[in-house]
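Trainee: Since the structure of chain A is already known, use the hints to place chain B on it.
Protein chains in written order, with the numbering used here: chain A, 34 to 356; chain B, 1059 to 1647.
No wet-lab data here; the hints were simulated from the structure.
The C-beta atom is built at its ideal place from N, Cα and C for all residues, glycine as well.
Hints are not guaranteed to be accurate.
[To be verified] Calculated cross-link-like contacts (lysine to any residue; reagent style SDA-like; alpha-carbon spacing at most 20 Å): (1) B:Lys-1345 / A:Ile-317; (2) B:Lys-1345 / A:Leu-217; (3) B:Lys-1507 / A:Gly-119; (4) B:Lys-1300 / B:Arg-1271; (5) B:Lys-1401 / B:Ser-1480; (6) A:Lys-110 / B:Lys-1375; (7) B:Lys-1275 / B:Pro-1237; (8) B:Lys-1173 / B:Thr-1151; (9) B:Lys-1513 / A:Ile-317; (10) A:Lys-110 / B:Ser-1583; (11) B:Lys-1173 / B:Thr-1189; (12) B:Lys-1375 / A:Ile-113; (13) A:Lys-110 / B:Ala-1456.
[As the list claims (entries may be wrong)] Partner residues aside, some chain B positions facing chain A, computed with beta carbon under 7 Å: (14) Lys-1366; (15) Ser-1367; (16) Leu-1418; (17) Ala-1499; (18) Val-1500.
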Amino acid sequence: MSAVREQEELQREGAADFVAVEILGRTPWQLFWVRFKRDRVAIVALVFILLLVLVAVFAGPISSAFGHPPNAQYPNKLDIFGTPTGPSSSFLFGVDQIGRDVFSRVLYGAQVSLEVALLATAISVAIGVVLGMTAGYFRGWVDTIISRFIDVTLAFPILLLALGIASACSLGNGCAAGLIHPGLGTVIVAIVVINWTYIGRIIRGQVLSLREKEFIEAARASGARSSTIIFRELLPNLVAPIVVYSTLIIPQNILLEAALSFLGVGISPPRASWGEMLAEATPIYNTAWWYFAFPGGALLLTVLAFNLLGDGVRDALDPRTST
Amino acid sequence: MRRRTAVVVGMAAGALALVAAGCGGGGASATSGVQGASHTLVTSGAKKGGTITVLSNGDVDHIDPGEAYYAFTYQITYVTQRPLLAYKPNSVTPVPDLAASMPTVSKDGKTVTVKLRHGVKFSPPVNREVTSADVKYAIERGFDAAVANGYAGAYFGVIDGAPTKSTNTVPSISGIQTPDKYTIVFKLSKPSGVFVGALQEPLTAPVPAEYARKFDKGTSSSYGNHQVATGPYMIQNNAAGKLTGYTPGRQIILVRNPNWNAKTSWRPAYADKIIFKEGFDPTVGTKQILSGSADVNGDFPPPAAELKSITSNSSQKSQLEFTPTSGSRYVALNTRKAPFNNKYVRMAVAYVLDRNAMRLTRGGPIDGKIATHFISPDFGPTGFNQAGGFNFNPFPSANGSGDVAKAMAMMKKAGYKSGKYSGPQVTQVADNSPPGSNTAAVIANSLAKIGFNVKTISVQHAAMYTRFCNVPKNEPNICPNVGWLADFHEPQTLLDPTFNGKNIIPTNNSNWPLLNDPAINKLMSKAEVELNPETRYKEWGHIDDLITETAAAVPWIWEQFPTLYSSKVTHASELWNEGGPDVSFMAVK
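Isolated chain A, as found in the complex (with noise of 0.2 Å):
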């Protein structure tokens, strides 16, 4: 839309507000509530988010309500063949390959997804923040060994660095001395290993634009010194593509620890993980479907929906690009 009409459109909902005033100052989170909220799909995404996190925090309180303990095994589901049943009253989604409720691990699958997405894309962005401006700011030789860095982690396929930090560190006592443990904690570094990279890059070039500007010239001139800078006058204008790239990696790295799991150097067991489940759905994919297709839509419906609100936040932050 143009940028003449948006101008009409906020007067007209800011005059049916404050009938009285005639000219509206307006804060940018207030100018992107205004334009997220218009997004429908964003906002049907963001509800998931909210439901999905409800369910997460609370599987334990539902799975008792609906469904088994996560790891309690039935064997009396199994047929004579050792084969799965399917969804009935008690076992809303069925049974696994061993006997364990699929409902009640889609929950706690919930749980691992959502803490992986929160605490891999926290700690990347952190990383990649702090290096990229860095980076960007001082250039020179600091910018030289951090952006080389960048690039050689960038070289690396990506799937096969995560895979070996991954099955290195799953063994026995973990690794780096016994810092980092098998299991989420092993996901969630190999994660942020690869993903902070993106962010830095990014960051780094935004600051080197700013780094120019006349509000930082100006700051450099008063004599304010350079974690002042970097902190009070180039940080706050970097929130925009922070916010963005952050919801946009969060699906990424869903996606990854389920293929880290899917892949068996995720999750250790009997914890449930989507990626893990789908694994051990496979070879029984023809006997039982409810076993790849609850959790394999539960991660499709999640991964989607951060997409979608990604993409909604970014066109709120920054009506430039959209379309």
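Mentor: Structure of chain B alone, referenced to chain A:
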């Protein structure tokens, strides 16, 4: 122990291979009436001619008969080579093959004499009659590192003058004597209860020294690719003797051996040609056999889902036969470390394990019977009955689903007042893929019932053996996915490598529970040199019971292997060889 499927575990002389995880959902029978056709062997009136197609997933381990040590390879070895003794399809009793009669053993047990048949000839390009010197050379070359036979040390190391480690050239063994062309005499350093049984191994199939010596030179023998045959079939070759019928990983073509004389052999050899096609996915292979475009499965069991549909189809059901795999799968408990150094804790584990749920992870009753000791039912009067047969079950529970009350009583005896374990976490190293990973999950769940918190380390099946369970200093508390198959029907081949304290070695160990019970060791040393079969089987049966009662390892399944025949061929399953077809007895209808 011979492998069912292809996972090699580092081979030193005498190191034996292990039950592989990949054995899919094989096996059968038990209580539920899911048994396929009984073994029906056509022995007369079958038609000559035609082609039989065998499908396999993997390749042979080694094409050289002196190097082969794998159930699938033996399907080819035994119809192309003639060891001194061999088995007919539906039997586990060895009969003379190259030998003219069963070996005679001297009173002191230290001299074994075998007479050879007259008129057995090598295939082209050698074309001459087989003599006792060819058998001597065949066994000697097994000790050469260039051939690296996997069992020469274990069974033939007892011959006087046999090397104790593999050599760099073919050694000359003074204890193998050839007084005339048709007589071979083995002088042993001590009596051996399994020596005569071992004469059925393909290592005793003759190899012509004057032809083979040039191929046996160097660090790795190439005789396999230039081998000559003595059986009814030979791998297709050219005039110089080089194989043309073997494309590794693709196919092996057997044609009739023109120098084979039917009068010297009990093999009917109906078909003219046999093709082993390799690289088949088990599901695809099963469907091809059902459709009739192939005739039988070689190395893979039809997957559980296929077996489920075949056994519920009245016409296809008769195409399926189940053969015991002569051994058991078991859960090994590390007897050197706490808490399983305490006998009562181990007995609690034996009581609590839900063997029925464990069996369901491999396909349920169709995979075999729940094992209650180690010598498997197919041994029958050669050890199984003596151990108490199906009635010997020191740790019984309803339906094999575990007895928590008895287990807790044992834990109390072990000093855990509540009846539940309260010490530190225990570790198991398990397969990272089904069905082994599922079995391990069921075991962890069973042990939780008596308070154990089991940490599972998941690795590939081969790494489970080579990095953890075969290395005593790295061994975890529990090895849940181990198993052992017999080389031949002597109970010593099941129990000695796996439970004798003297066989614990720093690497490549196969005594997984690290059991070193002086009383049991002593009984084994005695049984090893016992020559009277009746006494020997009784002794090993007793040893089996004693080992089971220590609960150092908990056996849970005696598996069976399903062999699926097309409707166009007659059946002939190798009972002695863990299932699979004997193609020399199969005929095209």
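Trainee: So, for every hint listed, does it hold in this structure?
Mentor: Verification of the supplied hints:
| no. | hint | verdict |
| --- | --- | --- |
| 1 | B:Lys-1345 / A:Ile-317 | holds (17 Å) |
| 2 | B:Lys-1345 / A:Leu-217 | violated (41 Å) |
| 3 | B:Lys-1507 / A:Gly-119 | violated (27 Å) |
| 4 | B:Lys-1300 / B:Arg-1271 | holds (15 Å) |
| 5 | B:Lys-1401 / B:Ser-1480 | holds (16 Å) |
| 6 | A:Lys-110 / B:Lys-1375 | violated (25 Å) |
| 7 | B:Lys-1275 / B:Pro-1237 | violated (27 Å) |
| 8 | B:Lys-1173 / B:Thr-1151 | holds (19 Å) |
| 9 | B:Lys-1513 / A:Ile-317 | violated (26 Å) |
| 10 | A:Lys-110 / B:Ser-1583 | violated (47 Å) |
| 11 | B:Lys-1173 / B:Thr-1189 | holds (10 Å) |
| 12 | B:Lys-1375 / A:Ile-113 | holds (17 Å) |
| 13 | A:Lys-110 / B:Ala-1456 | holds (18 Å) |
| 14 | Lys-1366 | holds (5 Å) |
| 15 | Ser-1367 | violated (10 Å) |
| 16 | Leu-1418 | holds (4 Å) |
| 17 | Ala-1499 | holds (6 Å) |
| 18 | Val-1500 | holds (6 Å) |
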